[in-house]
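Enquirer: Single-letter residue listing:
Number of protein chains: 4
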Amino acid sequence: MAVLLVECPDRRGLVHAISGVLLRHGGNVVGNHEFVDREAGRFYMRTEFDGLVDSTSLVAETRAVLPEGAEVRLARPDPKRIVVLVSREHHCLGDLLVRHQFGTLNARIDAVIGNHDLLRGLTEQFGVPFHHIPSEGPDRSVHEAAVLARIVEIAPDFLVLAKYMRVLSPAFVASHPARIINIHHSFLPAFVGAKPYLQAFRRGVKVIGATAHFVTDELDAGPILVQQVLPVDHTHGAEDLARAGRDVEQFALSQALRLVFEDRVFLCGNRTVIFD
Amino acid sequence: MAVLLVECPDRRGLVHAISGVLLRHGGNVVGNHEFVDREAGRFYMRTEFDGLVDSTSLVAETRAVLPEGAEVRLARPDPKRIVVLVSREHHCLGDLLVRHQFGTLNARIDAVIGNHDLLRGLTEQFGVPFHHIPSEGPDRSVHEAAVLARIVEIAPDFLVLAKYMRVLSPAFVASHPARIINIHHSFLPAFVGAKPYLQAFRRGVKVIGATAHFVTDELDAGPILVQQVLPVDHTHGAEDLARAGRDVEQFALSQALRLVFEDRVFLCGNRTVIFD
Amino acid sequence: MAVLLVECPDRRGLVHAISGVLLRHGGNVVGNHEFVDREAGRFYMRTEFDGLVDSTSLVAETRAVLPEGAEVRLARPDPKRIVVLVSREHHCLGDLLVRHQFGTLNARIDAVIGNHDLLRGLTEQFGVPFHHIPSEGPDRSVHEAAVLARIVEIAPDFLVLAKYMRVLSPAFVASHPARIINIHHSFLPAFVGAKPYLQAFRRGVKVIGATAHFVTDELDAGPILVQQVLPVDHTHGAEDLARAGRDVEQFALSQALRLVFEDRVFLCGNRTVIFD
Amino acid sequence: MAVLLVECPDRRGLVHAISGVLLRHGGNVVGNHEFVDREAGRFYMRTEFDGLVDSTSLVAETRAVLPEGAEVRLARPDPKRIVVLVSREHHCLGDLLVRHQFGTLNARIDAVIGNHDLLRGLTEQFGVPFHHIPSEGPDRSVHEAAVLARIVEIAPDFLVLAKYMRVLSPAFVASHPARIINIHHSFLPAFVGAKPYLQAFRRGVKVIGATAHFVTDELDAGPILVQQVLPVDHTHGAEDLARAGRDVEQFALSQALRLVFEDRVFLCGNRTVIFD
Numbered sequence: 005m006a007v008l009l010v011e012c013p014d015r016r017g018l019v020h021a022i023s024g025v026l027l028r029h030g031g032n033v034v035g036n037h038e039f040v041d042r043e044a045g046r047f048y049m050r051t052e053f054d055g056l057v058d059s060t061s062l063v064a065e066t067r068a069v070l071p072e073g074a075e076v077r078l079a080r081p082d083p084k085r086i087v088v089l090v091s092r093e094h095h096c097l098g099d100l101l102v103r104h105q106f107g108t109l110n111a112r113i114d115a116v117i118g119n120h121d122l123l124r125g126l127t128e129q130f131g132v133p134f135h136h137i138p139s140e141g142p143d144r145s146v147h148e149a150a151v152l153a154r155i156v157e158i159a160p161d162f163l164v165l166a167k168y169m170r171v172l173s174p175a176f177v178a179s180h181p182a183r184i185i186n187i188h189h190s191f192l193p194a195f196v197g198a199k200p201y202l203q204a205f206r207r208g209v210k211v212i213g214a215t216a217h218f219v220t221d222e223l224d225a226g227p228i229l230v231q232q233v234l235p236v237d238h239t240h241g242a243e244d245l246a247r248a249g250r251d252v253e254q255f256a257l258s259q260a261l262r263l264v265f266e267d268r269v270f271l272c273g274n275r276t277v278i279f280d
Numbered sequence: 005m006a007v008l009l010v011e012c013p014d015r016r017g018l019v020h021a022i023s024g025v026l027l028r029h030g031g032n033v034v035g036n037h038e039f040v041d042r043e044a045g046r047f048y049m050r051t052e053f054d055g056l057v058d059s060t061s062l063v064a065e066t067r068a069v070l071p072e073g074a075e076v077r078l079a080r081p082d083p084k085r086i087v088v089l090v091s092r093e094h095h096c097l098g099d100l101l102v103r104h105q106f107g108t109l110n111a112r113i114d115a116v117i118g119n120h121d122l123l124r125g126l127t128e129q130f131g132v133p134f135h136h137i138p139s140e141g142p143d144r145s146v147h148e149a150a151v152l153a154r155i156v157e158i159a160p161d162f163l164v165l166a167k168y169m170r171v172l173s174p175a176f177v178a179s180h181p182a183r184i185i186n187i188h189h190s191f192l193p194a195f196v197g198a199k200p201y202l203q204a205f206r207r208g209v210k211v212i213g214a215t216a217h218f219v220t221d222e223l224d225a226g227p228i229l230v231q232q233v234l235p236v237d238h239t240h241g242a243e244d245l246a247r248a249g250r251d252v253e254q255f256a257l258s259q260a261l262r263l264v265f266e267d268r269v270f271l272c273g274n275r276t277v278i279f280d
Numbered sequence: 005m006a007v008l009l010v011e012c013p014d015r016r017g018l019v020h021a022i023s024g025v026l027l028r029h030g031g032n033v034v035g036n037h038e039f040v041d042r043e044a045g046r047f048y049m050r051t052e053f054d055g056l057v058d059s060t061s062l063v064a065e066t067r068a069v070l071p072e073g074a075e076v077r078l079a080r081p082d083p084k085r086i087v088v089l090v091s092r093e094h095h096c097l098g099d100l101l102v103r104h105q106f107g108t109l110n111a112r113i114d115a116v117i118g119n120h121d122l123l124r125g126l127t128e129q130f131g132v133p134f135h136h137i138p139s140e141g142p143d144r145s146v147h148e149a150a151v152l153a154r155i156v157e158i159a160p161d162f163l164v165l166a167k168y169m170r171v172l173s174p175a176f177v178a179s180h181p182a183r184i185i186n187i188h189h190s191f192l193p194a195f196v197g198a199k200p201y202l203q204a205f206r207r208g209v210k211v212i213g214a215t216a217h218f219v220t221d222e223l224d225a226g227p228i229l230v231q232q233v234l235p236v237d238h239t240h241g242a243e244d245l246a247r248a249g250r251d252v253e254q255f256a257l258s259q260a261l262r263l264v265f266e267d268r269v270f271l272c273g274n275r276t277v278i279f280d
Numbered sequence: 005m006a007v008l009l010v011e012c013p014d015r016r017g018l019v020h021a022i023s024g025v026l027l028r029h030g031g032n033v034v035g036n037h038e039f040v041d042r043e044a045g046r047f048y049m050r051t052e053f054d055g056l057v058d059s060t061s062l063v064a065e066t067r068a069v070l071p072e073g074a075e076v077r078l079a080r081p082d083p084k085r086i087v088v089l090v091s092r093e094h095h096c097l098g099d100l101l102v103r104h105q106f107g108t109l110n111a112r113i114d115a116v117i118g119n120h121d122l123l124r125g126l127t128e129q130f131g132v133p134f135h136h137i138p139s140e141g142p143d144r145s146v147h148e149a150a151v152l153a154r155i156v157e158i159a160p161d162f163l164v165l166a167k168y169m170r171v172l173s174p175a176f177v178a179s180h181p182a183r184i185i186n187i188h189h190s191f192l193p194a195f196v197g198a199k200p201y202l203q204a205f206r207r208g209v210k211v212i213g214a215t216a217h218f219v220t221d222e223l224d225a226g227p228i229l230v231q232q233v234l235p236v237d238h239t240h241g242a243e244d245l246a247r248a249g250r251d252v253e254q255f256a257l258s259q260a261l262r263l264v265f266e267d268r269v270f271l272c273g274n275r276t277v278i279f280d
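Chains as they are written, first to last, in the numbering used here: chain A, 5 to 280; chain B, 5 to 280; chain C, 5 to 280; chain D, 5 to 280.
Please keep in mind that the hints were generated in silico from the structure rather than gathered at the bench. Treat the hints loosely; a few may be bogus.
Heads up, the list lumps identical chains together, so a pair's fine if it works in one copy or across two of them.
[Unchecked claim] Below, in silico cross-link-like pairs of lysine to any residue (SDA-like), each with a Cα-Cα straight-line distance of 20 angstroms or less:
| hint | residue 1 | residue 2 |
| --- | --- | --- |
| 1 | 199 | 152 |
| 2 | 199 | 155 |
| 3 | 199 | 275 |
| 4 | 199 | 43 |
| 5 | 199 | 177 |
| 6 | 199 | 274 |
| 7 | 84 | 64 |
| 8 | 199 | 239 |
| 9 | 199 | 159 |
| 10 | 199 | 170 |
| 11 | 84 | 133 |
Bound-form chain A, shown alone:
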């Protein structure tokens, strides 16, 4: 099975045109999703199809029937390659490593980079290289440059921030546009920034949540992929909220990664279009 991804300005007849190209190439459509963002006048389509096709000519011919500036691509069939960035907390990383080992992540973890050395044992247990790049000594830009240098060497498809408690600089973010996924431990846009569980406790919320999102320049303001929630009550102190929250974070992050790694996500300004 192959997946064709199309994004372009909307106009009449796009579905007919694209499905015509696929038909001529002998592709048998198994599943099809389209979406038109009316406000932006933009068309999104994801088509799963069977049948041997000539990829290069399929993409070229599809592009030929579409408006100027169309983005057309075939999803790569092989697992994505990723680097995971961590700090002290183990729960999201542990979950990803188990999925990696059993092939249910749809991605291969090429390395884990930690600004602390605490999760080396867990990582290496799974046969994955762990790089400790301490954030304490050097100033922020020096540390970040070292992290980026290591990442550039590995050249992964995506970066996953699995409770990485450092704010990335605009330059770092710009180096991997729409390719950095973060799990924020609150129900964004509530409780942006530091200590969201303490903020949530003080506000007396009755539901907490976690948000997986793409990272952009603005802190915790990137396009949202997945949000999960959990009911809580007055008996939960800030610590209890954090403990309960960990399970939701783990759940939301792995859901979001599945969507991204299966090529189900388009960006639409600061929002996501997700065909699941």
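Fit chains B, C and D to the given chain A structure using the hints.
Expert: Positioned in the frame of chain A, the structure of chains B, C and D alone reads:
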């Protein structure tokens, strides 16, 4: 905006063929959903489009490009006409009457029929006729015949069982195939039949639910439209479960009716395909 | 069954002392909830008990065994009396009126006050007086004074803002401390203020919610009673979010009112302690 | 902090009597839960308290003020010791091993026993012994005896069936009453027995779930600890339901284990009383 609904055996090129017909008629596709049931080899499509079209020729030409036995129709733009059947409980009916009055139900309640007379006041308050057809005296078939006669007179598009506590005969069900919607006060297929909340209490469940479904011959076994759940705990007796359940029933029924009345539901054997 | 409510500074032996008073009065404890807020050093207790007791002496004797400044009261057995404030939207009011009529609200709606006249019909249908106090002509303080005057006449136990789209002045709020309940159409503290669904759409959230809370001086910042959520996706425009949100608002508000009207809620600074 | 657990026939004055004993021992109550099952006439209480107490005399004196047949115990402060039984699926085991390693499971996994050898690598990676006891050759009773012999040697507090696909004999179950916890991959009591996801697919449900429960003689009918759900739709085949279900299973099992291992669960006939 108009809605084209297509259901037929699956084969290569259907999307291309149908979108071609629409394009020739000047229809501008606004939203499109397709689904292929692989097991049954069946294709389902729902297309929302703008643009003035000749309905009769659009349907005829669409049918012409599809396999034998295709079902093609344009959704009627006007609100559905319904009859609501009730017994003693008011909560689902109350919710439907409010939505009816403010035009948010996408349907017009032509009449309410009760086997008890308790909900006459509520119904007539909203200017809707209430027919009391007592179920006590006569045997079941006599009562049912009287109810059916009244319904046949009104000739509604759909029957809604809003906590109607009578089991319908196969003949009654056959008179309105895929046009009777029931709300069952449990998370089907758990707790089929009578007193589901008592059954749920005895089983010690930690979540209760409600199920809106089409009615078929087999009790509580028809195609499911919507299921909603609510967490509960050991402090909930059977009565408390019933009380909590009422809010979920009301919620699930109104959601299901919206889906049906907006022509978003196809039947696929004993399952539903819902394009929302 | 009666309900004893106690709130006081925490100290050793409170449960023993209070349960001793109840025992001496012949009260048979049916259910008991306690909570100690460690940060504030404050003790909360709600006890349901059977058995005929002398209320005045029970309260006095309970107070006698507690620290200075303890608040002790027996919940009144009769339904609360409320006034509902509305603007244009009918869904929350409709739900409350149905519950009022069938005695499942645990409260009596003495009047509905609208700054528009649109919901008069719905209200009067249920035999409840509707007062239209237009907000257009006069300046805000004049309008508010008129509303408050009408409320003072009725002297209700609680005010319910059922989609009342006016911001209350501090003076108004101070006139009914911890007695005004609002339904906010977002998952607070996200999207405070106006047009939360438009804000939510622009932020691209994957879950929307509604928050029922007590009203305080600070806009949308009062103690939270209930939060409910609903998953959404990229196909939901701002209008769709608003429509979906209405069902959650209705659900959250009626849940919150049940908790308040059954005397299950304590205030603990800006948070609520809810014994359900 | 210590935890006192009491269960006995209900009678007037129990809370007062027990809190009096604690007070005399210098215990400072931090949290307190009681519940009376009216139908069974049974009283349950869980009290968290600070302060150095003489455990033996506290338990003895508490028992002295309670009715005949009261069960009184202090929760052991040390982590529980458990054995995990598995078959082929790794996801629940992986989650437990990560929590075990980082001390967030409140239990120590003393061994994993598999009727297949597939999860040896994962288990041993975490430094936990793995015992492969094949179920293919011998008849069921021989296999079970071998498993039981190994367990008896280890003498754990609890057995956790983490997707263990074998039905235990009544004798096995009787050997560890209320000490075997299973995760069933459906929303019990729906879809008891084999292939629940295929059953769920055929029934066309719109929500799937997982149930963590104590194991009793009757298949999938033991007291329920935790139920979790996930919405699904017509695009989910049986395989997709199984995949989605795995995340919910993992979540429900770890939640249930936390409740059991923190001594928050009482049995009440075939139901659970859970103080969380």
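Enquirer: Indicate, hint by hint, whether the structure satisfies it.
Expert: Hints, one by one, checked against the model:
no.	hint	in the structure
1	199 / 152	neither (26 angstroms within a copy, 41 angstroms between copies)
2	199 / 155	neither (28 angstroms within a copy, 42 angstroms between copies)
3	199 / 275	between (25 angstroms within a copy, 18 angstroms between copies)
4	199 / 43	between (36 angstroms within a copy, 18 angstroms between copies)
5	199 / 177	neither (22 angstroms within a copy, 31 angstroms between copies)
6	199 / 274	between (24 angstroms within a copy, 19 angstroms between copies)
7	84 / 64	neither (24 angstroms within a copy, 47 angstroms between copies)
8	199 / 239	within (19 angstroms within a copy, 32 angstroms between copies)
9	199 / 159	neither (32 angstroms within a copy, 42 angstroms between copies)
10	199 / 170	within (13 angstroms within a copy, 33 angstroms between copies)
11	84 / 133	within (17 angstroms within a copy, 33 angstroms between copies)
Hint compliance for this structure: hints 1, 2, 5, 7, 9 are not met, and every other hint is.
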